[in-house]
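Enquirer: Use these hints to put chain X onto chain B, whose structure you have.
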Amino acid sequence: MQDYDVFSRCHPAVNFLFFAAAIVLTVVLFHPAYLLVSLLCGGAYYAVLRRARCGRTFGFLLIAMVLVAAVNPLFNTLGETTLFTLFGRPYTWQALCYGGCAGMMFAAVSLWFLCGGIVMTSDKFTSLFGAVIPAISLVLVMVLRLIPGYWRKGKQIAGARKCIGRSGAGTRKEKIQGGMDVLMALSGWALEGSVVTADSMRCRGYGAPGKRTSFQIYRFTGRDRFITALIAVTLAAAIYAAAGGSARAAFIPAVSVAEVAGFRPILGLAAYAALLLIPTFYSIREAILWHSLRSKI
Amino acid sequence: MNTKKSSWRFWLSLVILLVLVPLTVLVFSRFDRKYYLAGLAIIVLTTAAFFLHFESRKPQARELVILAVLCALAVASRAAFAAVPHFKPMLAIVMLTGIAFGPEAGFLCGAISGFASNFIFGQGPWTPWQMFAYGIGGLLAGLFAMWGILKKAPKGWKDVIILTVFGFFAILLIVGPLLDTSTFFTVATSYDTSSVLAVYLAGVPVNCVHGAAVALTMLLFGRPLLERLQRIQIKYGMMEP
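In the order they appear, the protein sequences are chains B and X. The opening residue of the first sequence carries number 492 in the working numbering; numbering runs sequentially from there. The opening residue of the second sequence carries number 27 in the working numbering; numbering runs sequentially from there.
Worth double-checking, as some hints may not be accurate.
To be verified - Chain B stretches covered by chain X per the calculated footprint, using a threshold of three residues with CB under 8 Å from any CB of chain X:
(1) 515 to 526
(2) 642 to 653
To be verified - Restricting the straight-line Cα-Cα distance to at most 25 Å, the calculated cross-link-like pairs of lysine-lysine (DSS-like) are:
(3) B:LYS702 with X:LYS84
(4) B:LYS666 with X:LYS114
(5) B:LYS664 with B:LYS653
(6) B:LYS644 with B:LYS666
Derived from the structure by calculation, the hints contain no laboratory data. Note that beta-carbon positions come from the ideal geometry of N, C-alpha and C, so glycine has one too.
Isolated chain B, as found in the complex (with noise of 0.2 Å):
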């Protein structure tokens, strides 16, 4: 299949930079039309990434959004309009739109995670942060290629177990007994393999006296710098709109959320859009171009 999300193939630190930003507002602006905006972009970036595989998160989080907005009210008493008594508790309207905004919160955040995890991989993740943290970041690289050899060596370890008559069925007890062996003779092998790659490591030079460098494979590029300058500039619209109140929504006693109306508060809704919308917008870009230039060929 045809790659076109322009935007994981960018430098690491714009990366980070977006999903960062567009978390933290997700969070921070608590307005139904902010959010709506941050639910349909995140979910349009994820259908971007993951095409035709994205139904089954997306009923998934339509679920828990209905479920945290019928919950909320149960918890949260507070409010004037009361709709009905459950439980002796009075259910509100009020805690029924805060639910229904936080259920959105919930979705938008748990998206640009889903999207922050597909693009931000392991490997991005430690070329940002190997200068910072050295010594954490080989760690956790050592750790990412040390899983898949364990769990390979675990089933090996199983099956040769298998063979002399321990199979590790049977009741839920001898299960976890099989488990247990299982785990012992892996820890056991693993710790001993652990002294000869620390040597190793250390007859070729790790922790000598000198400055490290590191190596770099990605590069920040014109595109990079365009990418960052259009995040800034639409981040600092946003915010400007927001500090003038225009995302501002009170719940309890009585709902009041600022209207979407006059200069400032439609800029920053549409900077914020704008915002959201930029690897989305790349990606489609990019497919009418490749679609475009196949067809005249």
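Expert: Just chain X now, with coordinates in the frame of chain B:
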């Protein structure tokens, strides 16, 4: 061997813990909707402080590799129990790391294995909370070992039983509620005590199952792993890492 410490990282970690965290609390107490962001900010800052402090010590290769191996074992331990549903032994290994190598190693092992496992099972809004909660689990075990309540080399059944009981209650009272807090903050405005209690009580059954798995792993696996870690230290002449 380079023994010079990286001092700016050490001072930065101190500044974060002593200045930035209280400042965050102060700033957010003036805002209206503060809970989720304030919690997140404090967690991220604390984790960063731990990471920077570890970096400032310029850790040696053996220390790094042992830490990486234990983190990977913690994550991969799930594979050994694929046949048993809901059996998560990960935190038991994190706690045993804390007991054997101290509170700092325990925190790092918890935070890193939480982060790494989320690269496999999917990142989400819970990632920072999970890293922090698992880290605190390892840190607590390390502290209890430092105070001599948990033994680095358990001898009789008594020591093993203490390990088991510690594992269960650490999950039920500390790590589980910390994980529940992340769900709680996403839907919270202003709560009265009864609602807070209700949210935490709703998490008790899940935490009990989790705690039981960890306790069982501690009971059966605690002593062998601690002995193995000691053996490695003696066999290859490693001092306190």
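Enquirer: Take the segment 515 to 526 of chain B, compare each residue's beta carbon with every beta carbon of chain X, and decide whether three or more fall closer than 8 Å.
Expert: holds (count 4)
Enquirer: Please work out if B:LYS702 and X:LYS84 have their alpha carbons no farther apart than 25 Å.
Expert: holds, 12 Å
Enquirer: Between B:LYS666 and X:LYS114, is the straight-line Cα distance small enough, at 25 Å or below?
Expert: holds, 14 Å
Enquirer: Please check whether the segment 642 to 653 of chain B has three or more residues whose CB lies within less than 8 Å of a CB on chain X.
Expert: Since three or more residues must qualify, the claim that chain X covers the segment 642 to 653 of chain B holds, with 4 doing so at under 8 Å.
Enquirer: Check the hint pairing B:LYS664 with B:LYS653 against an upper bound of 25 Å on the C-alpha distance.
Expert: holds, 17 Å
Enquirer: Checking one constraint from the list: CA of B:LYS644 to CA of B:LYS666, max 25 Å. Satisfied?
Expert: holds, 18 Å
The structure shown violates none of the earlier numbered hints.
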